[in-house]
Each structure stands twice: as C-alpha cells, then as structure tokens.
Amino acid sequence: MTQTVPVPHGLPMERNADPFAPPREITRLREARPVSPMLFPDGHEGWLVTGYDAVRKLMADTRFSSRQDIGIVHVPYETPGMPAATEPSPQIPGLFIAMDPPDHTRLRRKLTGAFTVKRMKQLEEHIVDITERQLDEMARLSPPVDLVKAFALPVPSLVICELLGVPYADRATFQVNSAQFLVKDQTLEEKMAAFGAMNTYLAELVTGKRAEPGDDLLSDLARDDDLSIEELVGIAFLLLLAGHETTANMLALGTFALLEHPEQLAELRADPDLIPDAVEELMRYLSVADIFYRYATDDIELGGETIGKGSTVVVSLLAANRDPQRFDNPDTLDVHRKARGLVSFGHGVHQCLGQQLARIEMRAGFAGLLRRFPTLALAIPADEVKLRTDMNIYGVHELPVTWTAR
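The numbering used here puts the sequence shown at residues 596 to 1001.
Treat the hints with care, since some could be wrong.
To be verified - Calculated pairs, DSBU-like style, for lysine-lysine (alpha carbon to alpha carbon, straight line, at most 35 Å):
#1 K904 with K981
#2 K705 with K652
#3 K713 with K933
#4 K981 with K705
Don't read these hints as lab results, they were simulated from the structure.
My request is simple: use the sequences and hints to build the entire structure.
This is the structure:
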C-alpha cells in the first residue's frame, strides 16, 4: 500500500478563472492519487475520492454508509460560523438519501413506480408544453433579461410543483428557503432555520393531502398508511429540493457553457437531433452536484488504499466525470460525445430517482431555447457572470442574456 501522506486540511474547492473547469487541486489529486488521504480541520484523517473507477466502486458498496447519525460529521473546508466537526445528527424521517438499506429500500420503493421511464415518457409532451409556455413568457420581455429568473428556474419548478401537488403560487416560500439551505458559508442555526421553514410549510401541505387527497404524487403517498406524516414531509422536502434546484442550475449553467462554446452551439442549432447527447455531455462536463459524503462502516480496500472503519469519505463526481481514464479529452465540451457511464446522477442504490424527469426537462429546455431564440447571447462579459461558488449546487446566480427581436 502507498505511504499515507495526508494532504493539507481543507477540500480544494477554489474554482479557476474558467467557470466550467474543476478546481486545479482536485485535478492534480486525481492524477497523483485517485483515493487520497485528507486531513480535516479538526485533525481527523479522512479520504477524498476523485478517480472514476474508485467513485463508481465506492457508490456501489453499501459498506460506505450515507447515514449522518452514526459518526462525527467532519466539515472538509473552513466555513465561518461552522465547527470543524459536529456530533452525529439525528436521522430525519423520510430523507432516504441519508439512509442505508433496509430503511432506504422501504421508502425508495414507494416512489419507484412514479418515476419509471414509461411514466416519464407519458409526461414528456406535457413537460414540453410547460417549457413552451415559459418561452412564450420570456419572449414577451424586453431584453436583456435574467435567464435564471425568466426560464431556468420556472420550468423545473412548474414541473415538480405539478407532479407533487405543490401550489406554484407558493414558490417564493420554497425557492427562498431551499436556496438558503444550500448556502455553504452559514451557521448551523441559519441552515436549520431554512430547513424548519420548509418543513413547516410541507407538514401543513401533506397533512391536508392525507385528509383530502388529490391527483398528484404527494396525495398518492399520503394514502399510504405505512408512511407517517414526518416521513411524508421528509420525502416531500427531498423531492421538491432536488426536483428544481439541480435542473434549474443545469439549464442556466449549460446555456452559459454553450454560449461560451459557439462552435458547439452552432452544431446544436444545425442539428437538433444532437440535443439528447448534448444533455448527457453537459451533465458530465458541468456536474453541478459535485460533492457527496460517505462513512466507512468497516475497513474497506479501495483503489489500492485501505479506508479505515469510521473514516469520513468525500466523493467528487466532478473529478470522476473529468477522468481521462474514462473519457477521452475530458476537459473538452463535445456535443457529439456519447457520455455514457457519467456519474452525475450518482451510482448504486442512491442513483437519482428523478434522472429521467431531469433529462426530459433539459432536452425540452435546451431544444426550445435554441429554437425560439436563435440570436441568444450574453448581455454582459462572461467574467461578470455571478457564479454559485457559495452554494452546494454549482451554477450561476444570474445569467443576463439578450437577443434580436424578430
């Protein structure tokens, strides 16, 4: 086994001048040692996994636990107001992304029928209609406009609200609190206040659906007496947060990336049939949901290293998706690439349940945007675009765009 020499404490998350490139230190670590020891600020020695093969193997191995209630949570970077390590946090009912089998299996199984490929295909035409209506709204505006506010955020929010049975009129409540929940540099109290506000709102919503169910996914779940109100709230929180934040950031950051790669954009405009492959490539290239955590419940061999029982393991999906051992010329955006095997949706038992829904939204979104706005362009210099380096899901805070009115 390789001599263990911990890297300096702190997860290397500082972005380069290129808004689409991974942090240089992440790339360097992957090249030197795909499974790297790292020293956390509290002195705990954990691990950072950046190589594609190691990431896939780790995420398929349930000995790497997703639970946050069985060990110390070590904050891997200096965060004002946050301790270097905290006590184990209690398991939140319904939040199955932070559970292991069999608890994870019981809850996820209740949702698999709603997110099958067949069910999503049935929704595709309606999602296209939602997208086109939002493009109609955007076309009525006088440029420049913020693409995030006018298009990228409304489309997935409208879709997930309709699917779950959440009133879209309440979007100000959940969008503000979900965004606050994802801020990196905040105190635990601030984070839990946002979480609590969303939970209060969702508890009232699911209680109403249990009393008077409608024709939506949360109502279907509310009819299941095996699920407690607390579990329903946790499931609703997870689906609502994941259902709009990730896709919204992919639509906005993906548009930014295409505008900054005009030759790729021109090929997509010339051949819209490339859109499905382009969506996969943008997900690989951008990997907006990058960092995940696991906790070793045993001594486990991974990539030639022995990860000791009790270790906190940090996983970088962005690094894995840019691994030259898996993808040729990985730092090049290529809409012709068949980016099969990307790990943007995770891997193993926690692979994203809503991945087909996200794909349909992105295909409809990019296809509609490029068709309806053939002269779309940035309205400000690229280096003035406000990046979400302060958030746990990467993207842009705003994307001012303009176009030539017909």
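Hint check results:
1. K904 with K981: 40 Å, violated
2. K705 with K652: 26 Å, holds
3. K713 with K933: 23 Å, holds
4. K981 with K705: 39 Å, violated
Consistency with the previously given hints fails for numbers 1 and 4, ordered from lowest to highest.
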